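A.B. asks: Single-letter residue listing:
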Amino acid sequence: MSKFSEIFTTPLAKNNPITVQVLGICSCLAVTAQLKPAFVMAISVTVVVALSNLIISLLRNTIPPRIRIIVQLVVVSTLVILVNQVLQAFVYDVSKQLSVYVGLIITNCIVMGRLEAFAMSHKPMESVMDGIGNGLGYGVILVILGFFRELFGSGTLWGYPVMEKLGLYNIGYENNGLVIMAPMALILVGVIIWIQRTKDKDLQEN
Amino acid sequence: MEYINIFIKSIFIDNMIFAFFLGMCSYLAVSKTVKTSAGLGIAVTFVLLITVPVNYLLNKYVLQPGALTWISPNLANVDLSFLSLIMFIAVIAAIVQIVEMVVEKFSPALYNSLGIFLPLIAVNCAVMGGSLFMQQRDYSNIGEVISFSLGSGIGWFIAIVGIAAIREKLRYSHIPAALKGVGITFIITGLMGLAFMSFMGIKL
Chain A
1 MSKFSEIFTT
11 PLAKNNPITV
21 QVLGICSCLA
31 VTAQLKPAFV
41 MAISVTVVVA
51 LSNLIISLLR
61 NTIPPRIRII
71 VQLVVVSTLV
81 ILVNQVLQAF
91 VYDVSKQLSV
101 YVGLIITNCI
111 VMGRLEAFAM
121 SHKPMESVMD
131 GIGNGLGYGV
141 ILVILGFFRE
151 LFGSGTLWGY
161 PVMEKLGLYN
171 IGYENNGLVI
181 MAPMALILVG
191 VIIWIQRTKD
201 KDLQEN
Chain B
207 MEYINIFIKS
217 IFIDNMIFAF
227 FLGMCSYLAV
237 SKTVKTSAGL
247 GIAVTFVLLI
257 TVPVNYLLNK
267 YVLQPGALTW
277 ISPNLANVDL
287 SFLSLIMFIA
297 VIAAIVQIVE
307 MVVEKFSPAL
317 YNSLGIFLPL
327 IAVNCAVMGG
337 SLFMQQRDYS
347 NIGEVISFSL
357 GSGIGWFIAI
367 VGIAAIREKL
377 RYSHIPAALK
387 GVGITFIITG
397 LMGLAFMSFM
407 GIKL
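Chains A and B supply the protein sequences, listed in that same order.
Take the first sequence: its letter number 51 is residue 51 in the working numbering, and every next letter is one higher.
Each position in the second sequence, counted from 1, maps to that position plus 206 in the working numbering.
Incorrect hints may have been included.
Unchecked claim - Derived list of chain B stretches under chain A, where covered just means 3 residues or more per stretch with a C-beta under 8 Å from a C-beta of chain A:
no.: 1; segment: 229-239
no.: 2; segment: 326-339
no.: 3; segment: 374-386
Unchecked claim - EDC-like, lysine to aspartate or glutamate: derived pairs with alpha carbons at most 20 Å apart:
no.: 4; chain 1: B; residue 1: K266; chain 2: B; residue 2: D344
no.: 5; chain 1: B; residue 1: K386; chain 2: A; residue 2: D202
no.: 6; chain 1: A; residue 1: K96; chain 2: B; residue 2: D344
no.: 7; chain 1: B; residue 1: K241; chain 2: B; residue 2: E374
no.: 8; chain 1: A; residue 1: K14; chain 2: A; residue 2: E164
no.: 9; chain 1: A; residue 1: K3; chain 2: A; residue 2: E126
no.: 10; chain 1: B; residue 1: K386; chain 2: B; residue 2: E374
no.: 11; chain 1: A; residue 1: K14; chain 2: A; residue 2: E174
no.: 12; chain 1: B; residue 1: K386; chain 2: A; residue 2: D200
Hints in this document: simulated from the structure, not taken from any laboratory.
Note that the structure is predicted; figures quoted are calculated from it, not measured.
Glycine included, every Cβ here is placed at the ideal spot set by N, Cα and C.
This is chain A alone, in the form it adopts within the complex:
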């Protein structure tokens, strides 16, 4: 059991897909302007990574090496199509906000990266744990980014007008419009990496 928990908790901080492995950056920056799409995206990616890890791990001994990438792409594409249909059915407004980035989960480096690095060489239960761990590690960063960007960029949290309720507009506080825009997301991720690496000196490059 301790091995399972290790596989599950390492991607949350020490081997975080975004800040340490540097994978899955594209979608994490694009969908975090608000907290709700960030959360939905995090759940979608976790589902896709966990299930694709499971399927590929079950098939790992029967896939011919030459067409490995194609098989992985087919499995991941099918899962993403299913997730896309579910999102369009149940949270249509969020899926419109996510637009092309749901489709881009197929090319999300975390999905393919974990398939190659883990699912192809480990047993199904461990692969599912690894998938869920990586998905949650990705989700943690997404939620942090979404939280700060929505709070300081639009003064709301999950649509709830926090800044207005706190009465901050009356004393002259203004929303920071730059935070919602693309460049600030990149700088925020840089700052998160900075904080993480200051606390954990092993992760520093030289």
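Fit chain B to the supplied structure of chain A, relying on the hints for placement.
C.D. replies: Just chain B, lined up with the frame of chain A:
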């Protein structure tokens, strides 16, 4: 004129990296030297230039709602757009495989210097994103699609060569240990993105 409009817009205003964050993973991984970045940038541009028009034709004549009417009028209600994701990625993977074989045959030196990154272009978000944006924006003819894909590729190329040039110079700067490598690259990319935002107000 519309073609030039779209072309310039795709390079600067709708830049794949700075506006849409597509292709960030290989952008961050490969940008340590200008030479490899230039090679990868050209390869991505080339793949975009081939795959986006092919996917446009696929979308127009097979996937779109009502696209199959050229086979028979009975099929006017068929909507295969839910298959777009898997069809696009299949086309991209196939074309990248062909490009890989052609490059290996005609220029073994280039093939060796690109190494693993050539097959990895198949899962580059920028390439898939190019096709998905083409589908979303509904361009009217193949000329517009070609200007869009060429512009996107060149925009990606400019971004990756730019960050590689800056990272090469950064080697002699004093950067806090916790920021070295990935951390400072993110912050610099953010600053470059801010600079590119200055193009947003341009009306062509």
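A.B. asks: Now tell me if each hint is right for this structure.
C.D. replies: Checked hints:
no. : hint            : result
1   : 229-239         : holds (count 5)
2   : 326-339         : holds (count 9)
3   : 374-386         : holds (count 5)
4   : B:K266 / B:D344 : 10 Å, holds
5   : B:K386 / A:D202 : 13 Å, holds
6   : A:K96 / B:D344  : 16 Å, holds
7   : B:K241 / B:E374 : 11 Å, holds
8   : A:K14 / A:E164  : 38 Å, violated
9   : A:K3 / A:E126   : 9 Å, holds
10  : B:K386 / B:E374 : 13 Å, holds
11  : A:K14 / A:E174  : 37 Å, violated
12  : B:K386 / A:D200 : 14 Å, holds
In summary, the numbered hints that this structure violates are 8 and 11.
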